[in-house]
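K.L.:
Next come the chains, spelled out residue by residue.
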Amino acid sequence: MSTGVKPMLTRAPDVAAQMPIVVEDPTAQRFRVHRSAMTSPEVHRAEVERIFAKSWLYVGHESEIPQPGDFVRRPVGGRPIFMVRGVKTGNVNVFHNTCTHRGALVCRQESGNSKVFQCFYHAWTFDSEGQLKGVPDRDAYAGGLNFDELGLKRVARVESYRGFVFASFDPGIVDLHTYLAGAKDYIDLVIDGCGSSVEIVRGTHHYSFDANWKLLVENSIDGYHAESTHNTYFKYLVSIGTNLRGGVSGRAIDLGNGHAVIEYSSPWGRPVAKWEPLFGEDARTEIDRLRADLVARHGEDRAHTMAEVNRNMLIYPNLIINDIMAVTVRTFYPPAPDVVDVTAWELAPVNELPSLRQRRLDSFLTFLGPGGFATPDDLEALESCQQGFVSGGVEWNDISRGMGRSPVANDEEQMRAFWRRWQHQMGTAADLADAQ
Amino acid sequence: MTAMASSQQAISRQQVEEFLYTEAALLDAWQLDDWLLLFDEDAKYEVPCNDAPDGDPARDLMLIDDNHARLASRVDRLNSRRAHREYPHSRTNHQVFNVRVQDVSTEELSVTTSFTVWRFRAGRTSCYVGRYRYRLRRRDGGFRIAAKRAELDMTDLRSVADVAIIL
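Those sequence lines, one after another, are chains Z and B. Mapped onto this note's numbering, the consecutive letters of the first sequence carry residue numbers 408 to 843. Mapped onto this note's numbering, the consecutive letters of the second sequence carry residue numbers 22 to 188.
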C-alpha cells in the first residue's frame with residue numbers, strides 16, 4: 408500500500424536505523440546489545456527471514472524414526488514439517504507438511520508408522536518417499552496430472568551429523584559439516600561419551616514463556632547465573648551429600664559460525680561417568696566401569712573430558728545440547744518477539760542398564776525441565792528481563808564480562824560469539840529499516 | 022459385586038473425597054509441610070509428559086518423578102524465598118471431582134479423579150486439567166498417600182509455561 412505519506416508508525420524504526428544493535432568496542436572492552444533486539448517487531452520479522460530461513464535448523468534425531476515408515480511431525484523454524492524414514496530407501500526424508508493439491512496437512516499425527524500419507528481433504532495419497540501415488544477421479548484432469556511433479560515438497564536441504572538431523576529452507580546454504588565448524592568436535596564428545604550410540608528417550612517437554620528467544624540462547628550457555636539463580640538446586644545437592652567445594656570452573660569457547668560452548672567441572676554427578684551420592688553406593692562400581700571403558704577407548708585425557716567435564720553448547724541459532732547432569736537437546740522458536748516455544752528431549756545411550764537409566768532420568772529431572780528445581784527459575788529470570796526492557800530508561804544490555812582475558816565459563820564470550828554472528832546475519836540496522 | 026462390597030465402596034468414596042478435599046485445601050493454603058505429612062515414607066509423586074501420559078518413570082522422561090526425599094526437597098524449595106518462579110507464591114485453586122474408588126483391599130485402595138488446578142500470578146491465569154491417580158493406604162482411621170500421579174490432558178505446557186506449583 409502506498410499513500411505517498413509515510414505513516415508516523417515507521418518513524419521509530421527509522422530512528423533505530425541510525426544506530427547498530429550490537430556494538431563491540433575492543434578498546435574500552437565493552438560489548439553492548441541494544442534492547443530493541445529483544446522487543447522490536449521489525450527485528451523479529453527480519454530474524455524470521457534472515458536467520459530462521461537461512462540457517463541449518465534441528466529437525467530431530469534419527470533414533471526417533473528407527474524403522475521404515477516411522478515418522479514424527481513438528482514445527483521447524485515455525486513451519487509444520489514432518490520427518491519420515493522412507494520404506495523403499497531407508498533414508499530420512501523431511502517434507503513440508505502440505506498437500507500439493509490445495510494445501511492441507513498430510514501428516515496429522517505427532518508420530519507413528521505409515522507406508523502412506525493421505526490428505527483427508529480430497530484423498531490425494533503420497534508414499535513415505537513423497538511420491539504421489541493416488542488421486543481420486545484422475546480422469547477429470549483433461550491436461551493430465553504429472554505425478555512426479557506433484558510429489559510432497561522436500562525441505563530444500565537436509566543433512567545429518569552423528570544422528571542429529573538438520574534442515575535448511577535455504578537451497579544455497581553451506582553444507583552442514585562446514586556450518587557446524589568447531590561444534591562437530593563437541594558433538595563427538597557427547598556421543599562418544601555415551602558409547603557412540605544414543606537415542607531420544609520417550610517423553611517430550613513442550614513449554615512456552617514470555618521472553619525473547621535470544622535470552623534463552625544466553626541463559627542456556629550462561630555459567631554466571633548458576634549460583635545466584637539456582638541457589639535452591641545447590642542447596643538440594645548439599646542435602647543429598649554433594650560436596651560443593653571446587654564449584655563451577657572452566658572456560659568459554661567460540662566454536663565459529665555463531666556456535667559456542669562452555670566446558671567446566673561441577674559439583675554434581677554425571678551418569679557417564681562421575682559418581683555422586685544421588686546415584687547410590689551400588690552404582691559406584693558400574694560408573695567406575697563406564698569410565699574405565701572410556702579410558703580404554705579414548706585415552707585418559709579425552710575420557711576425562713567426556714566423564715568429568717560438562718558442556719553447554721549452542722548450535723547457532725536455536726539448538727542447545729547440554730551435557731551436564733544428564734544430556735538434554737533443546738530447540739526453540741519465537742512466534743513473536745516476546746514469546747518463545749521450547750521443545751526439549753533427553754538423549755541417552757542405547758541399551759543403558761536399567762539402573763543407570765533410572766539414575767540418569769532422576770538426575771535430569773532434579774535440575775531440568777518445567778517441573779525441575781532449576782528451569783522454572785530460569786523462565787522467571789528471562790520473563791523478568793523482558794518485563795524490565797518494557798520499563799525503558801535503559802537502552803543497552805551489557806555483555807562485556809571477561810573481555811580482555813582468556814574467557815572462563817562464568818564469562819560472556821560464548822554469548823558474544825552468538826551476537827556477532829547474529830549481527831552479521833541480520834545486516835546493518837539500516838538494512839533492517841529497509842526490510843519493512 | 023456383593024452388596025457388602027458395594028456399601029464398603031460407597032462409604033469409602035465419601036471418606037476419600039473428604040481426604041482429597043483436605044489435601045487440596047492444604048495445597049491452596051500453601052501449608053506444604055502439613056501437606057507432606059499426608060504422604061507415606063515410600064511415597065511417589067509423578068507428573069508424566071503431556072505426550073506420554075502413560076510414561077513409566079523407570080524408562081521414560083517425565084515432568085516430575087519425586088520419591089519422598091525429593092518431594093520433601095521440593096517442599097523446602099517452595100517454602101524458601103529463592104524458588105523465584107514461586108516467590109511470591111501463585112494463588113491456586115485445586116479442584117477434584119469425578120472421584121472413582123477402585124481396587125479396594127483391606128490395606129490399599131486405588132482412586133482416580135478428574136482435576137482442574139487454577140493458578141493466578143502477576144496477572145497471568147493458567148489452568149491445568151487432567152486426571153489424578155492415587156494409591157491410598159488406610160491408616161489410623163484415615164488415609165496416607167502411597168502414590169499420587171497427575172496426568173495432564175493438555176497436549177503441551179504452552180498455555181501454563183511450567184509445573185513449578187504442586188498439582
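These aren't lab readings, by the way, just hints derived from the structure by calculation. All values reported here derive from a predicted model rather than from experimental measurement. A virtual CB, placed ideally from N, CA and C, is assigned to each residue, including glycine. A hint or two may mislead.
Which stretches of chain Z does chain B cover? Using the computed rule of at least three CB atoms under 8 Å from a CB of chain B, they are [stated by the list, open to error]: (1) 633-639; (2) 658-670.
Here are some of the chain Z residues that sit facing chain B, going by a computed Cβ distance under 10 Å [what the hints assert, rightly or not]: (3) N520; (4) E536; (5) K540; (6) G541; (7) V542; (8) R564; (9) V565; (10) V608; (11) G779; (12) Q794.
K.L.:
Next step is simple, just say for each hint if it's right about the structure.
P.N.:
Against the structure, the hints:
With 3 residues having a Cβ less than 8 Å from any Cβ of chain B, the stretch 633-639 of chain Z passes the three-residue criterion, so the hint holds. Beta-carbon proximity to chain B at under 8 Å applies to 0 residues in the stretch 658-670 of chain Z; the threshold of 3 is not reached and the given coverage is violated. For the restraint placing Z/N520 at the interface with chain B, the shortest Cβ-Cβ distance is roughly 16 Å, beyond the 10 Å limit, so the hint is violated. Violation of the interface hint for Z/E536 is found here, the shortest Cβ-Cβ separation to chain B being roughly 27 Å, above the 10 Å cut-off.
Checking Z/K540 against chain B by beta carbon gives a least distance of about 29 Å; that is not within 10 Å, so the hint is violated. With a least beta-carbon distance of about 30 Å to chain B, the hint placing Z/G541 at the interface is violated under the 10 Å criterion. Restraint check, Z/V542 versus chain B: the minimum CB separation of about 32 Å is more than 10 Å; hint violated. This hint is violated: Z/R564 has a C-beta 28 Å from the nearest C-beta of chain B, more than the 10 Å allowed.
Against a cut-off of 10 Å between C-beta atoms, the interface hint on Z/V565 is violated, since the closest Cβ of chain B lies about 24 Å away. Checking Z/V608 against chain B: minimum C-beta separation of about 5 Å stays under 10 Å; hint holds. Restraint check, Z/G779 versus chain B: the minimum CB separation of about 8 Å is within 10 Å; hint holds. Taking 10 Å as the C-beta cut-off, the interface hint given for Z/Q794 holds, the closest approach to chain B being about 9 Å.
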